[in-house]
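Participant: Protein chains in written order, with this note's numbering: chain A, 1 to 142; chain B, 1 to 142; chain C, 1 to 142.
Be aware that a few hints might be false.
As the list claims (entries may be wrong) - Cross-link-like lysine-lysine pairs, in silico, DSS-like; alpha carbons within 30 Å at most:
(1) K109/A x K109/C
(2) K5/B x K109/A
(3) K93/C x K43/A
(4) K109/B x K43/B
What the hints contain is simulated information worked out from the structure, not anything from laboratory work.
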Amino acid sequence: MWFQKEIRLNARNRGFHLVTDEILNQVPELRKISIGIMNVFIKHTSASLTINENADPTVRQDFESYFNRAVPENEHYYQHIFEGSDDGPSHLKSSILGCSLNIPITNGKLNLGIWQGIYLCEHRNSASNRTVVVTLNGQLSS
Amino acid sequence: MWFQKEIRLNARNRGFHLVTDEILNQVPELRKISIGIMNVFIKHTSASLTINENADPTVRQDFESYFNRAVPENEHYYQHIFEGSDDGPSHLKSSILGCSLNIPITNGKLNLGIWQGIYLCEHRNSASNRTVVVTLNGQLSS
Amino acid sequence: MWFQKEIRLNARNRGFHLVTDEILNQVPELRKISIGIMNVFIKHTSASLTINENADPTVRQDFESYFNRAVPENEHYYQHIFEGSDDGPSHLKSSILGCSLNIPITNGKLNLGIWQGIYLCEHRNSASNRTVVVTLNGQLSS
Chain A
1 MWFQKEIRLN
11 ARNRGFHLVT
21 DEILNQVPEL
31 RKISIGIMNV
41 FIKHTSASLT
51 INENADPTVR
61 QDFESYFNRA
71 VPENEHYYQH
81 IFEGSDDGPS
91 HLKSSILGCS
101 LNIPITNGKL
111 NLGIWQGIYL
121 CEHRNSASNR
131 TVVVTLNGQL
141 SS
Chain B
1 MWFQKEIRLN
11 ARNRGFHLVT
21 DEILNQVPEL
31 RKISIGIMNV
41 FIKHTSASLT
51 INENADPTVR
61 QDFESYFNRA
71 VPENEHYYQH
81 IFEGSDDGPS
91 HLKSSILGCS
101 LNIPITNGKL
111 NLGIWQGIYL
121 CEHRNSASNR
131 TVVVTLNGQL
141 SS
Chain C
1 MWFQKEIRLN
11 ARNRGFHLVT
21 DEILNQVPEL
31 RKISIGIMNV
41 FIKHTSASLT
51 INENADPTVR
61 QDFESYFNRA
71 VPENEHYYQH
81 IFEGSDDGPS
91 HLKSSILGCS
101 LNIPITNGKL
111 NLGIWQGIYL
121 CEHRNSASNR
131 TVVVTLNGQL
141 SS
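Only chain A is shown next, with the shape it has when bound in the complex (with noise of 0.2 Å):
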């Protein structure tokens, strides 16, 4: 069995921020897989997911904090300057945190851990809403 669907997430201000259920209320179709893997693609260079710690937001500004000081803005050596000063370190944040995910499907649910929640990683200052392709593979509950 093969789902897919387009969705888009609404736009966030710069940071990290705990989308789970955004995408799972556009996807019920995941509950009637019992095993398979979910993949989501989103459709930007300067955006990314990742999955991480899904209850304190410390962590989401922390992680804000330090990517922001591991890939600085406005180093003498960038080239690529003309969107923004945020643009070219937002294109290296996305190819180290990555741009999909897949995580496992089982009994109609994505098998998480329990402190686990799926993060979009808004890069730029000012960024519209984000495109993610949600792709569903699995068998079908009997």
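Keeping the supplied structure of chain A fixed, place chains B and C upon it in accordance with the hints.
Facilitator: Just chains B and C now, with coordinates in the frame of chain A:
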């Protein structure tokens, strides 16, 4: 053909550990697949999975040394500090390295390069065993 | 429907290189899939794969400049040094960027964003061609 199993990886010290055989020994079903994909997903936010050099143990030691410098503990700006100085950096390392692998299966074996092996990246000072979900999908050998 | 092929990517200089067309030209079978996933897996530990900006070559140059600073050569604490100063950092870069991609297929094409392309990230000073396994899985167009 779908097959899924939740397995435990033995508790390890903080560092990078080769676990290819420990995983493969627990999913003999892989041998029946002629073409497919194995997804390995770790259900934690302070440990991660990656693929790298499987022969020289100093590579794994250099990984631990490097990531401890690239993601230092006790930075003044960290807010998520109540679970110990190793906890916040664990979350960051886990998102940089990733929580899942997707490896091609060919003729009943993982189609890894000759020097590739699966690493469990244990980022906590003190951890118990770690749970991973292994999902196999492919066509059966005739 | 499953299809798998091991292909060679031409040898490249150290740096980041757009290889979307070089890969797609070797898997015309993709055109027959209405919904699916393409997995691309590189069988090496000193080169990697990522998805990023496909238009401006300075983005790829900034990637090389950035990762050379983020993962420097000749650090005093490196132990794995006998294959050259570029070798240890190659392994680290490869795990930060990753060795596999999972891209949705829609109506016979990769469902990439308009600015997204596939990069071969060559981390060695001198490399020969690189082997990747392409695995297609999906449902056939009717």
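Participant: Taking the hints in turn, state whether each one holds.
Facilitator: Against the structure, the hints come out as follows:
no.	hint	result
1	K109/A x K109/C	holds (28 Å)
2	K5/B x K109/A	holds (15 Å)
3	K93/C x K43/A	holds (23 Å)
4	K109/B x K43/B	holds (24 Å)
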